[in-house]
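Based on the sequences and whatever the hints tell you, model everything.
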Amino acid sequence: MANRIEISPTTRHEGHAKLILEVDDEGIVNKAYYLNTTPVRGFETMLRGRPAEFAPIAVMRICGICQTTHGIASCEAIEDAIGCEVPDDGLLLRELVGLGNRLHSHPLHHLLTIDDFLKPDEANLRIELIKLIQRMRKVGQLVVDIVGGEGIHPPNIVIGGMRTNITERAKSKLYYALRQYEKDAYELYEKYTELIERYLEEVGIPDLGSHEYPYIASHTTYGDRYAINWDSVVEIPPQRYYDDKEAIHTTTIQIPLYEGVPAEGGPRARLVKFGNFRAGGSALDINIARAQENLGAVYRALEILDEVNIYGKTRAEVEYKDGFGIGVHEAPRATNTHMAEVGKDGKIKSYRIIAASTWNFPIVEKAIEGYPHQYAEVIMRAYDI
Amino acid sequence: MDPFGTYKKVVSARSTLKEVLKTCQDGGIVSTAFIYGLENNLLDGVIVADNAGEFKAIPKVATTPEEVLEAAGTKYTVCPNISVLKSAVREYGCEKIGVVGTPCQVRAVRKLMKYPVGFRHIPDKISLIIGIFCMENFPYNGLKLIVEEHCGVKMEDVVKMDIGKGKFWVYTKWGETKAIKLKETHPYEQVACHVCTDYTAELADISTGSVGSPDGWSTVFIRTAKGEEIFNKMVEDGYLEVKPIEEVKPGLGLVEKLALTKKEKNMKEIEHRKELGLPVPY
Amino acid sequence: MVKVAHVQLCSCCGCLVSLADTYEKLLDVLNSIELVYCQTLADVREIPECDIALVEGSVCLDDHHSLEIAKEVKEKAKIVVALGACAATGGVTRYCRGNQLSKPVHSSFSPLTEVIKVDLAIPGCPPSPEAIVSVITAALNGDMEYLQPFAELAEKGSEACGCDLLTKVVNKSLCMGCGTCAAACPTRAIEMIDGRPNVTQYLCIKCGVCSVQCPRIRFPELIEKIE
Ligand SMILES: Cc1cc2nc3c(=O)[nH]c(=O)nc-3n(C[C@H](O)[C@H](O)[C@H](O)COP(=O)(O)OP(=O)(O)OC[C@H]3O[C@@H](n4cnc5c(N)ncnc54)[C@H](O)[C@@H]3O)c2cc1C
Ligand code: SF4
Ligand code: SF4
Ligand code: SF4
Ligand code: SF4
Numbered sequence: 001m002a003n004r005i006e007i008s009p010t011t012r013h014e015g016h017a018k019l020i021l022e023v024d025d026e027g028i029v030n031k032a033y034y035l036n037t038t039p040v041r042g043f044e045t046m047l048r049g050r051p052a053e054f055a056p057i058a059v060m061r062i063c064g065i066c067q068t069t070h071g072i073a074s075c076e077a078i079e080d081a082i083g084c085e086v087p088d089d090g091l092l093l094r095e096l097v098g099l100g101n102r103l104h105s106h107p108l109h110h111l112l113t114i115d116d117f118l119k120p121d122e123a124n125l126r127i128e129l130i131k132l133i134q135r136m137r138k139v140g141q142l143v144v145d146i147v148g149g150e151g152i153h154p155p156n157i158v159i160g161g162m163r164t165n166i167t168e169r170a171k172s173k174l175y176y177a178l179r180q181y182e183k184d185a186y187e188l189y190e191k192y193t194e195l196i197e198r199y200l201e202e203v204g205i206p207d208l209g210s211h212e213y214p215y216i217a218s219h220t221t222y223g224d225r226y227a228i229n230w231d232s233v234v235e236i237p238p239q240r241y242y243d244d245k246e247a248i249h250t251t252t253i254q255i256p257l258y259e260g261v262p263a264e265g266g267p268r269a270r271l272v273k274f275g276n277f278r279a280g281g282s283a284l285d286i287n288i289a290r291a292q293e294n295l296g297a298v299y300r301a302l303e304i305l306d307e308v309n310i311y312g313k314t315r316a317e318v319e320y321k322d323g324f325g326i327g328v329h330e331a332p333r334a335t336n337t338h339m340a341e342v343g344k345d346g347k348i349k350s351y352r353i354i355a356a357s358t359w360n361f362p363i364v365e366k367a368i369e370g371y372p373h374q375y376a377e378v379i380m381r382a383y384d385i
Numbered sequence: 001m002d003p004f005g006t007y008k009k010v011v012s013a014r015s016t017l018k019e020v021l022k023t024c025q026d027g028g029i030v031s032t033a034f035i036y037g038l039e040n041n042l043l044d045g046v047i048v049a050d051n052a053g054e055f056k057a058i059p060k061v062a063t064t065p066e067e068v069l070e071a072a073g074t075k076y077t078v079c080p081n082i083s084v085l086k087s088a089v090r091e092y093g094c095e096k097i098g099v100v101g102t103p104c105q106v107r108a109v110r111k112l113m114k115y116p117v118g119f120r121h122i123p124d125k126i127s128l129i130i131g132i133f134c135m136e137n138f139p140y141n142g143l144k145l146i147v148e149e150h151c152g153v154k155m156e157d158v159v160k161m162d163i164g165k166g167k168f169w170v171y172t173k174w175g176e177t178k179a180i181k182l183k184e185t186h187p188y189e190q191v192a193c194h195v196c197t198d199y200t201a202e203l204a205d206i207s208t209g210s211v212g213s214p215d216g217w218s219t220v221f222i223r224t225a226k227g228e229e230i231f232n233k234m235v236e237d238g239y240l241e242v243k244p245i246e247e248v249k250p251g252l253g254l255v256e257k258l259a260l261t262k263k264e265k266n267m268k269e270i271e272h273r274k275e276l277g278l279p280v281p282y
Numbered sequence: 001m002v003k004v005a006h007v008q009l010c011s012c013c014g015c016l017v018s019l020a021d022t023y024e025k026l027l028d029v030l031n032s033i034e035l036v037y038c039q040t041l042a043d044v045r046e047i048p049e050c051d052i053a054l055v056e057g058s059v060c061l062d063d064h065h066s067l068e069i070a071k072e073v074k075e076k077a078k079i080v081v082a083l084g085a086c087a088a089t090g091g092v093t094r095y096c097r098g099n100q101l102s103k104p105v106h107s108s109f110s111p112l113t114e115v116i117k118v119d120l121a122i123p124g125c126p127p128s129p130e131a132i133v134s135v136i137t138a139a140l141n142g143d144m145e146y147l148q149p150f151a152e153l154a155e156k157g158s159e160a161c162g163c164d165l166l167t168k169v170v171n172k173s174l175c176m177g178c179g180t181c182a183a184a185c186p187t188r189a190i191e192m193i194d195g196r197p198n199v200t201q202y203l204c205i206k207c208g209v210c211s212v213q214c215p216r217i218r219f220p221e222l223i224e225k226i227e
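Protein chains in written order, with my numbering: chain G, 1 to 385; chain C, 1 to 282; chain R, 1 to 227.
Since the hints were made in silico from the structure, they are not lab data. It is possible that part of the hints are untrue.
[Said to hold, decoys possible] Subject to a maximum C-alpha distance of 16 Å in a straight line, what follows is the list of computed EDC-like cross-link-like pairs (lysine to aspartate or glutamate):
1. C:Lys-114 x R:Glu-227
2. C:Lys-144 x R:Asp-194
3. R:Lys-3 x R:Glu-34
4. C:Lys-8 x R:Glu-227
5. G:Lys-191 x G:Asp-116
[Unchecked claim] Distance ranges between label pairs, derived from CB positions:
6. R:Asn-141 x C:Glu-228: 48 to 58 Å
7. G:Gln-374 x R:Glu-46: 14 to 24 Å
8. G:Asp-115 x R:Thr-137: 45 to 55 Å
9. G:Asp-115 x R:Glu-49: 19 to 29 Å
[Claimed, not checked] Examples of chain C residues toward chain G, derived with CB under 10 Å:
10. Arg-90
11. Glu-91
12. Tyr-92
13. Gly-93
14. Arg-120
15. Asp-124
16. Val-191
All residues carry an ideal CB built from backbone N, CA and C; glycine is no exception.
Now the structure itself:
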C-alpha cells in the first residue's frame, strides 16, 4: 500500500516548493513530485512591448542569488537577435562578473546544505565552516560589486557589453581577493568532500539519489548557444508531464526536456561533459562537483584579470533591428537560457526564459525515486534549487 | 541662533605646496588635504569637481595628486559630486574615500551614512568629508550670463572666479580683472538654495572657506576627531601653515555675520513656503 | 531574546542575500536574535509567534497561499517589517501583468504595505546590508527616532518611482543638484544633467530608493549629531 507524504514547504533552498512522495511499505519512494509553489511573476509577459534595455534589469530580479546569470543571458539573447558584437574586453568582464556570481552562489549553497552532513556535536566545525563560506562569498560578491556595479542585481551588465571598465586599483584588489579565495576554496573542498563521504558511508547507500538521465551543459565558465541543439529542447506544461491532479495544479513551472526526457544541469553536468567527473553516481556527487567548480572558477577569474585590457572598449554601439536571438549562460545551478524576439523599434516582441533551476525539478523527482523517503530533501538540496 | 554648528577648533591656514598655491582657490586647504591623504595612504580616492572646460563642472574620482590639482579651484555652479560616490567604491575599487562638497552635499553624505538604504558597502569607506562654505550657487547658464553679460568676459577666457568683499570677480587669461556687485548676481541664483541654512558645512569633518581670513588664506573649522587627526598631521608634516583666527583680519566675526545672515534669510523663506503649503525638507 | 522571522512572499530572495552580505557580521546578528523562522536557512515549516517578522516580496492577490502567508504574518508578528522594494513599494513586481505559463492567472501583485498593516518599510532593491542591520538593531533597541522614516514609509510610502524626484523635489524648487539620487539608483536609471536628475523612466523599477535618499525631502534631525 502506498503512503503519500507531503513535505511543505521544503527548506534550506531558494524559493518556495513542496515535495509529495508516494512511499511503499519499506519506506522507499515509488513516485516523487517536486513542485515549485512560488507564484509566477511573469517576467516573460512583463517584457512584451517594453524597451529591450529594461530586459536585463527586470530578469535579474527573477533570482537574487544568481541575478547575474539572468542579466548575462538576457543581453546575450538580445545581442544575438540584433547581431551586436560585444568588444573582447566587455566579454571578458562579463565572464568575470558571471564567475564572481558563481564564486558566491556555490559557497552559499554549501552553507545551506552543511546541516545535512554535520552532527549535533560539531558546532565548532559548523561555525568554522560558516566563517570560511562567508569569507568566500565576500570575495565572490566583491567581484560582482566592482565589475557589475552592485553585488545583487549588477546594473553594469548592459546590452552591447559592460557599462564601464575597471581601474588598475580595482583589478589589483580583485587579484589579491581571488588569491585568498583560491586557498579557501581548497580548504572547503577538502572539508566538504570528507563530510559527504562520511555521510554516504553512514547512510550505507553509496549511490543515494542516482538517476539515469542525460546531462545538459554548454560551457564550463560562461555559456555557448551553439553547444546545444535547440530543436531538441522543449518546455511542456505540467498538464502534459504529470498524471497527478495535485501536481498539475500546484506546480508553477513548465517542464523542460532535452530530446524528450529530463536532463540534469549544473556543476556535475558541466564537469562530466567537459571533464572527467564521474557520471551516474550519487546525487551528493553534485555537492562535490560544486566545491570543485569553485576552484575552476577562481582560476579562470584570475586568468581573465591577466587578459583584460583595462583601457579597452567594453561596450558596442547598439542598433536595433528585427530579429530573434538566444542567450545562454551557465548559471551556478544549470544552463540558463533566454530567447528574445526584438523589433527594430528597440522593443521586445516576445521573450522566453528556460531558467536554470527548472531543468533540475523533474530530475530531482527521478533522483529521489527508488530511495528511502527520509533522504528526499537531502537529495533535493544537492541540486540547489 | 548657532552660526557654525559643532566644531573643535577654528584657525586660519594656508598650504605650503607650491603647485597647490598656483591653482587653488584660497589657501588650498582642500587640495592639500587630499594630496596629503593620497600620498600617505590615508585616502585612496577623492571626489572632486573637475573643470570640463569653460568652468562647466563635472564630478570626478581622483586617485592621484595630479588629478587633484587639475580639479582645484572653485566652480560657481552646481556639480553633483555625490553622483560618483558609488563608482569610487565599485569600478575604482577605493576603500578610503575623501569627498569635498558644498554644505548641502556634505549633508547628503551624512544622511547616506546614517541611512544607507541604497548605498551597499559605502558608509564605512568614507574616510574624510571636507565641506566648503557656501552662500549660494548658480545654474551653469546663470553663471555664464553673469560672466559674459554682466562682466563682459567670454567664458573661454576665464581662468578664475571669486566671490569676496561684496563682489563677484572674474580673472582672465589676458591678465585682466572684472568685478560686479554681488547684488547683481542674485537674480541668477539657484532658487533651491533659498531653503538652505548651512553656511559653513556644519556636518563636515573639516570645513573651509575664504571668508574671515586674509587673501590667499582660508578659514578652517576642525569639527570631528577624524578631521582633527588629519589636520594635525598635515601641520606636523609641514603641509600647512596655521595662524590663530584671532590674529587675522577680518576674522571670525565676519564669518559669523554671513552665516547668520544666510540662516535668518533662508529661515524666513522656509516659513514663507510652509505658509503657502509647499513642502520643505524635514 | 527577541524572536525574529524571515518570511518570503513573491520575491527573488535578494533581500535575504543582502542580509547575508554582512559577511562576518552575520554571525553577530544571528547571535543577538533568535531566528525562529527562515525557510531558506532553517528547517522550521510553520511561522511561529514572533517579535519581528522581516517580510520579503510582494503579495500575489491571485494566489490564496500568498494571501494566507500575509495574513499569518499579521497575526503572528508583533512588528512587521516590509523588507525591500517588493514588499515596501512593489518594486519590479509593479510591472507584472500575468498571462504567463504555467500560471496565467497570477497577474496582480501588490506590495505587502498595501495588503496588511506594516510597521516599518525598508525600500531598495535590495536594501543595503548596512541598512538592514541598522533597522534590526534600532528595532531591538527600541530606537524609534531612528526608525521614524521607515515607519512613515510603511504608512504612506508604497507608491514610489523615479518620478518622485520630479514631483517632490525638482518641481518644488528643492533640488540643489547633489547627485545622491543618481548614485543610489540600483538600475542606474538616473543621470545628472544640468545639475538635475534625469530619470530614464523605462529603467525605473520603482524601488523608492532615490527619493528616500534625497536630503531635500527628509532630513532626520539625528543626522545633525556628528563626532
Ligand atoms: C558655489 C560655491 C559657493 C561658495 N561660496 C563661498 C562663500 O560664500 N564664502 C566662502 O568663504 N567660500 C565660499 N566657497 C568656497 C571657496 O570658493 C573655496 O572653494 C574654498 O575656500 C576652498 O578653497 P581651497 O583653496 O581650500 O580649495 P582648492 O584647493 O581650490 O579646492 C577646492 C575644491 O572644491 C572643489 N569644488 C570646486 N567647485 C565645486 C563645486 N561647485 N561643488 C563641489 N565642489 C567644488 C574642487 O574640485 C576642489 O577640490 C564657495 C564655493 C562654491 C563651490
Ligand atoms: S546654498 Fe546651500 S543648497 Fe545652495 S549650493 Fe550652497 S550649500 Fe548647496
Ligand atoms: S526588492 Fe529586489 S532584491 Fe528584494 S526581493 Fe524584490 S526584486 Fe529581489
Ligand atoms: S538627491 Fe534630491 S537634491 Fe540631490 S540631486 Fe537628487 S533630487 Fe536633487
Ligand atoms: S529611479 Fe532608480 S532609485 Fe528611483 S525608484 Fe526608479 S529604480 Fe529606484
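Notebook entry, point to check: Measuring from the C-beta of C:Arg-90 to each C-beta in chain G, is the shortest one below 10 Å?
Noted result: holds (5 Å)
task = Starting from the range 48 to 58 Å, see whether the pair R:Asn-141 and C:Glu-228 falls in it by beta-carbon distance.
result = violated (29 Å)
Would the hint on C:Arg-120 stand, with a C-beta cut-off of 10 Å toward chain G? holds (6 Å)
Pair hint C:Lys-8 and R:Glu-227, alpha-carbon separation not exceeding 16 Å = holds (10 Å)
>> Taking 45 to 55 Å as the stated bounds, is the beta-carbon spacing between G:Asp-115 and R:Thr-137 within them?
In response: Since the Cβ atoms of G:Asp-115 and R:Thr-137 sit about 27 Å apart, the hinted range of 45 to 55 Å is violated.
With the threshold set at 16 Å, check whether the alpha-carbon distance from C:Lys-114 to R:Glu-227 stays at or below it.
Holds - the C-alpha atoms of R:Glu-227 and C:Lys-114 are around 13 Å apart, at most 16 Å.
**Request:** Mind checking the alpha carbons of R:Lys-3 and R:Glu-34 for me, to see if they're no more than 16 Å apart?
**Result:** holds (5 Å)
Quiz item: So does G:Asp-115 sit 19 to 29 Å from R:Glu-49, Cβ to Cβ?
Solution: Given about 24 Å between the Cβ atoms, the range holds.
message: Taking the Cβ atom of G:Gln-374 and the Cβ atom of R:Glu-46, is their distance within the range 14 to 24 Å?
response: Since the Cβ atoms of G:Gln-374 and R:Glu-46 sit about 20 Å apart, the hinted range of 14 to 24 Å holds.
**Prompt:** Holds or violated: C:Glu-91 as interface residue toward chain G, Cβ cutoff 10 Å?
**Reply:** For C:Glu-91, the interface hint holds, since the closest Cβ of chain G sits about 5 Å away, which is under 10 Å.
Given pair status - G:Asp-116, G:Lys-191, alpha carbons within 16 Å: Holds - the C-alpha atoms of G:Asp-116 and G:Lys-191 are around 14 Å apart, at most 16 Å.
Exercise for the section: For the pair supplied as a hint, C:Lys-144 and R:Asp-194, confirm whether the alpha-carbon distance does not exceed 16 Å. Expected result: holds (13 Å)
Checked against the numbered hints above, the structure violates hints 6, 8, 15, 16; every other hint is satisfied.
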